[in-house]
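Student: Since each chain sits alone in its own frame, please combine them into the complex, following the hints.
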Amino acid sequence: MTHFDEMTCLLYIEGQLDDGRSREIGAHLAECVSCRDLLRALQHESAFLSSALTEENEAIPARILNEQGRGTPSWAWTLAFAAFAAAAYWFWTDGIGPWIDQLSNAGFGGTDVFSMIVFSGAFWEGWSDMIDAMQIGALILVAILAIGWIRRRVRRPVAVAVVMSALMFAAVLAQPASAAEVRRGRTTVIPAGEVVHNDLVVTGASVRIDGTIEGVLIAFTRDLTVTGHVTGDVIAFAQSARINGTVDGNVRVVANSATLEGKVAKNVTAIGSTVDLASGATVGGGMIALAGQADLDGKIQRDLLGIIGTGDLEGFIGGDEWIRGGNLTVASTAEIRGQATFEGPREPTVESGAKLASPMHTEITQEMRRNRMSAVRVGIRAIFSYVGALVVGLLLLAVFPGLFRAILRETGRIGLPFGVGALALITGGFLIVIAILLLIIGIGAGVAALMIYVPILYVCQIFVGTWLGNKIMGEAPAAPGSVTGAVAGRMAVGLLILHVARLIPVLGALVGLAVALWGTGAVLIGFYRMSRPEVAAPPVTPVPA
Amino acid sequence: MDARRHPEGMSPAEQAALQERIALAKTGNAEAWGELYRQHAPAIFRFCRRAMPTREDAEDATMDIFIKVRQKLSQYDATRPFSAWLYTVAANHCWDLLRRRKLRQDLETGEVENMPLEHPDPGQLERLIESRTSQQVRRALDQLPARARMALVLRYYSEMSYDEIAATLGVRRTFVGVVLLRARHQLREILEGQGGASLAAGGAT
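Protein sequence lines, in the order shown, are assigned to chains A and B. Count the first sequence with the numbering used here and you get residues 1 to 545, in order. Count the second sequence with the numbering used here and you get residues 546 to 750, in order.
Worth flagging that the hints you see were computed from the coordinates, not collected in a lab. Every clue listed holds true.
Here are the in silico distance ranges between beta carbons for each label pair: (1) A:Glu-55 to B:Glu-565: 26 to 34 Å; (2) A:Ala-30 to B:Gln-620: 46 to 54 Å; (3) A:His-197 to B:Asn-637: 54 to 62 Å; (4) B:Glu-565 to A:Arg-40: 39 to 47 Å; (5) B:Asn-574 to A:Glu-56: 24 to 32 Å; (6) B:Ala-561 to A:Asn-57: 27 to 35 Å; (7) B:Asn-637 to A:Asn-57: 22 to 30 Å; (8) B:Ala-562 to A:Glu-58: 22 to 30 Å; (9) B:Asn-574 to A:His-3: 55 to 63 Å.
For each residue, glycine too, the CB sits at the ideal point set by N, CA and C.
Same shape as in the complex, but just chain B (with noise of 0.2 Å):
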C-alpha cells in the first residue's frame, strides 16, 4: 500500500532497478543519484517535518541526510531494504540534532520509569480518537518532549523495529515499549486538553 514510504514495496522489476541505481550512484553517477533523490526525498522529508520542531529544520535536516546518504552510500548493505537504511541514518541525524538541542524539558527516564500508567477506559479511548483530527494529532504531537516525538514517529511513521528505534534513541529495547507507552498516554493527555472536556484520563476509572 505504501509505497510512498517503503518504495520496497514494489514489484521485483523494480526493485531490480533500485538496486542498479544504487549500485550506480555509488560508482558517482550524479543521474542515478539524482533519480535515488528524487524518488526518496519526499519521504525523509515527510518524516523530517514530524520529527522536527519547525518545517525550517526539516528542509535543513533532509539536506544534510542526503548529503550523509551520498557519503555513506558505500557503507549500505544491499540486502537491506534500502528506505529502512535511510531511515535509520535519517533517523539517526534527527536524533543528534535534537538532542544536541538539550532537551531540558525532556522528562527523562525517572519519570518514566516511576510514575504508573493509569489504565485507560477503552470507551473513553475510542470516543478521544473519533473526536479528533489527524490535524490535531499532529499539532498535539508537536507538543510532545523530543523523546516521546521521536519514538512515536519512528515507529508509526518510519514503522521501525523496537531494535531499531533502541539503537536510535540509544536506550535499552524492553525500555522502547515503556517510551511509546507513554508518548501515547502524553499525547492522549495533550489530545483531552485541546478538546476541553476530560474524556478519559489520569483520574480513576
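Only chain A is shown next, with the shape it has when bound in the complex (with noise of 0.2 Å):
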C-alpha cells in the first residue's frame, strides 16, 4: 500500500474524511512508521497552533471590558434634548412667526413653503438657482449612503453595478444642461434676426443681444446689453447690465449698474450698487432690489421687496411695497396698490401726490434694532444647519459605523488631520475654481466635481462636534447597544457647540475654517486607512535546501 500524502493526513486528524477512507488510513498507520510519524507531527502541529492563539497572552482592554454596563449618561440626553427644545420653541416664537409675518407683508405669502423657509433669509431669489447645487449635493449624499447599505448586503460586483449605473444616470441627467452653446471671445453680438434655439451661455468683455434667445441667457461679462428676446431667464454677471429689450422669464442680474427698461414677464432680482427700472419698464412679477441707489421708475406688477441705501420710487407697484434703507423718496408719481413699508433709520419722504393704498407704515430702526433681526436670522439658519447636521451625522452613524469611528480616531490625531485639511482645501478650492469654470463649458463636469466636495466640507463638523462631545462628556463608551446613542448624545452637544460658537462674530469664522481644515483631514485619512490594503506580508521565499 502506498503512503499518504500531507493533505489526506491532514484531512484524516481534522476528521474530514468519510468512514471507509478513514479505516484505511488506520490499517496503513497502524504498519507504516513514516506515515505515524507525519501525522503525530502534524497533530502536534496543529495542537501547537491551537495553544499558540488561544493563548491569553495580552488583556482584554478596559475600553472593551468596562463599557458594556454604562449607559449614555442621561444628562446628556437631557441637555441635548433641552438645547433641542429651547432652540425649537425660539425658532417657531421668535423666528417663523414674526418672519412669516414679514413675508406676508412684503406680499411673499404666495411663494412655495421650502423655499420661503430656507432661502427668503437672503433676499437674493437667485439663490433658487443655488439651491440645485445644493440639492444635487444632498442627494449624491444620500446616494453614496445608499450605495453603502446595498455594499454591505450585497457583494461587490453587484455594488459596482449599482454605482456605474447611477453614475450613468447622473451623466445622463446633467445632459440636457451641457447641451447649452457657448459662446466666447471678446465681443459676443447676436444681430437682429439671428435666432439662438438653445440655452446660451456667453462670457467676454462685451456681449450684446439684438437677436432672439430661445432659452435661458446666462452671461459673464463687462457691459451686457440685451435689445433683443430672450424666451428663459436672464442671468448675468456683469460690470453695467442694460436689459431693453423683452424677457419671457425672470432677469436675475448681479451687477455693478444694473438698468432695466424692457419688457420682464416675469421677477427681477437685481443686485448692484445701482439699480435702475426705467420709467418704460414693465416687471410682470416682483422684484427683489439689493442695492446702494435704486431708481425704480418702472412698473412693478406684483411686490417690492428691497433693502436699498437711498431709493426713489417714482413708478407703479402693484402689490406690496417693502423696503429697508437709509432713505426712501416716493415720488408724487408714483403708486403703490398694496401695503407699504419701509424700514430704516429715518421717516420716508413721501409726496403729496403719491398714491398709496394706505399710509405708509413706518419703523424706525434703531442700530440694536437691526442686530437683532440679523442675529435672529443668523440664529435662524445656525438652528437649521444644526439639526441637518445632526440628522446626516446620525445617519453616518447608523449606516457607517466602522468608518465613522476610523474618522473619529483621526480626528482625536489633531495635528495630522489639520495639515491634510489645509492641503486638501487648497487644492479643493482649485477645484471648486475649475469647476466653476467647467460649469460654463458643462455643467455635468462642475457637479461631478462638487460632489466630492460639498459632502465632505459638509460632515467635517460632525466628527470634529463629536470629538468635542467626547472631550467634554468622556470618551463615548463604546459599549454594544448603547454605543450609538451615547455616541449620539456626544455629536448633539459637540455639534450644539460648534454651532453656538460660529455664531460669534469674528471667532465663529474662525472655528469655521478650523473646523474645515481639521474635519476634512480627518474625513481624508479616515477614508484612506479605511480603504488601504492590509499591510502587505514580505514574500515568502522558499530556503532552498
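Tutor: This is how it looks when you write it as C-alpha cells:
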C-alpha cells in the first residue's frame, strides 16, 4: 500500500474523511512508521497552533471590558433634548412667526414653503438656482449612503454595477444642462434677426443680444446689453447690465450698475450698486432689489422687496412694497396698490401726489434693532444647519459605524488631519474654481467636482463636533447597543457648541475654518485608512535546501 | 476545558441560564444583554485580535460585531450553540473588513492550486515546532496573507467546521483543506526564516 500525502493526513486528523477512507488510513498507519510520524507531527502542529492562538497573551482592553454596563449619561440626553426643545421653541416664536408675518407683509405669501423658509433669509431670489446645486449635493450624499447600505448586503460586483449605473444616470441627467450653446470671445453679438434655438452661455468683455434667444441666457461679462428677445431667464454677472429687450422669464442680475428698460414677464432680482428701473420698464412679477441706490420708475405688477441705501420710487407697484434702507423718497408720480412699508433710520419722504393704498407703514430702526433682526436670522440659519448636521451625522453613524469611528479616531489626532485638511482645501479651492469654470463648459463636469467636495465639507463638522462632545463628556462608552446612543448624545452636544460658537462674529469664522481644515483632513485620512490594503506580508521565499 | 472559548461547555444549569439570558436580551432587556456581552466579549476580542492586523482594528471590530449581534439577536436559533453563532457573525464581519481592504498581496486560488506542496519531513517539522514559541507563531501569523491567516484562526481558534469555514471564506468545502494546508506551509516557511537556520523546507528531502 502506498503512503498517504500530507493533505490526506491532515483531513484524517481533522476528521474530514468518510468512514471507509478513514479505516483504510487507520489500517495503513498501523503498519507504516513514516506515515505515523507524519501524522504525529501534524497533530503536534495543530495542537501548537491552537495553543498559540488561544493563549491569553494580552489583557482585554479596558475599553471593551468596562463599557458594557454604562449607558449614556442621562444628563447628556437631557441637555441635548433641552437644547433642542429650547431651540425649537425659540425658532417658532421668534423666528418663523414674525418672519412669516413679515414675508406676507412683503407679499411673499405665495411662494412655496421651502424656499420661503430656507431661502428668503437671503433676499436674493437667485438662490433658487443655487438650491439646485445644494440639492444635487444632498442627493449625492444620500446616494452614497444608499450604495454603502447596499454594499453591506450585496457582494462587490453588484455594488459596482449599482454605482456605475447611478453615475451614468447622473451623467444622463446632467446632459441637457450641458447642451447649452457656449460662446466666448472679446465681443459677442447676436445680431437682430438671429435666433439661438437653445440656452446660451456667453462670456467675454462685451455681450450684445439683439436677436432672439429661445432659452436661458447666462452671461459673464463686463458690459451686457440685451435689446432682443429672451424666451427664458436672463442670468447675468456683469459690470454694467442693460436690459432693453423683452424677457419672457425672470431676470437675475448681479452688476455694478443694472438698468432695466424693457419688459420682463416674470420676476426681477437685481443686486448692484445702482439699480435702475426706467420709466418704460415693466416687470410682470415681483422685484427684489439689493442696491446702494435704486431708481424705480417703471411698473412692477406685483411686490417690491428691497434693501436699498437710497431709494427713489416714482413708478407703479401692483402689490406690496417693503423696503429697508437709509433714505426713501416716494415721488408724486408713484402708485402703490398694496401695503407700503419702510424700515430705516428716518421717515421716508412721501410727496403729496403719491397714490398709496394706505399710509406708509414706517418703522424707525435703531442700530440695536437691526442687529437683533440679523441675529435672529443668523440664529435661525444656525438652527437649521444644526439639525441638518445632526441628522446627517446620525445617518452616517447608523450606516457606517466602522468608517465613522475610523474618521473620529483620526480627528483625535488633531495635527495630522489639520495638515492634510489644509492641503486638501487648497487643492479643493482650485477644484472649485475649475468646477465653476467648467460650469461654463459643461455643468455635468462641474457638478461632478462639487460631488466630492460638498459632502466632505459638510460632514467634517459632524466629526469635529463628536470629538468635542467626547472631550467634554468623556470618551463615548463604546459599549455595544448603547454605543450609538452615547455617540449620538455627544454628537448633539458637540455640534451644538460648534454652531453656537459660529454665531460669534470673528471667532465664529475662525471656528468654521478650523473645523473645515481639521474635519476634512480627518475624513480623508479616515477614508484612506479604511480602504488601504493590509500591511503587506514580506514575500515568502523558499529557503533552498 | 475551554469554557472561555466555548461557554456552552458548561453545566446544563449554566446552559439554561445562558438561554434564558438570550431570550431576555431578545426582548430588549439591557441587563441581560450586558451579561451576555461581559460573558462573550473577551473571546470575541481575542478572535478579532488574531484575525485583524492591528489591535485598534480588533477593538473596533469587536464593538461593531456586538452591535450586529444585538441587531440580529432575534435571528439566533436557540438550537445552535450560542458561541458558534457568535463566531459566525464575528468571522463574517472580520472577513468582510479584510476583503474590503483589497487583499492584493493575497496569493489567490490559482497559486494555491497550482503550487505543489513539498512533503514535509516529520522530524524536521517536530524540531521546528519545539524550537518556536507561541509568540513567534503569532508573529508569523501576522505575516500571512489574510485568507491563510483567517482560515487558521477560524479552524484553530474558533474551532469552526469545514462547512462553516467554507461559508465564511466563500470557497468550496473541498477547498478548505487545501487552504489550511497551504497556510500551514506558509507559516512553517516564515517560522523557519525567523529561526535563521533552514530546518525543513522547500527543498527536496
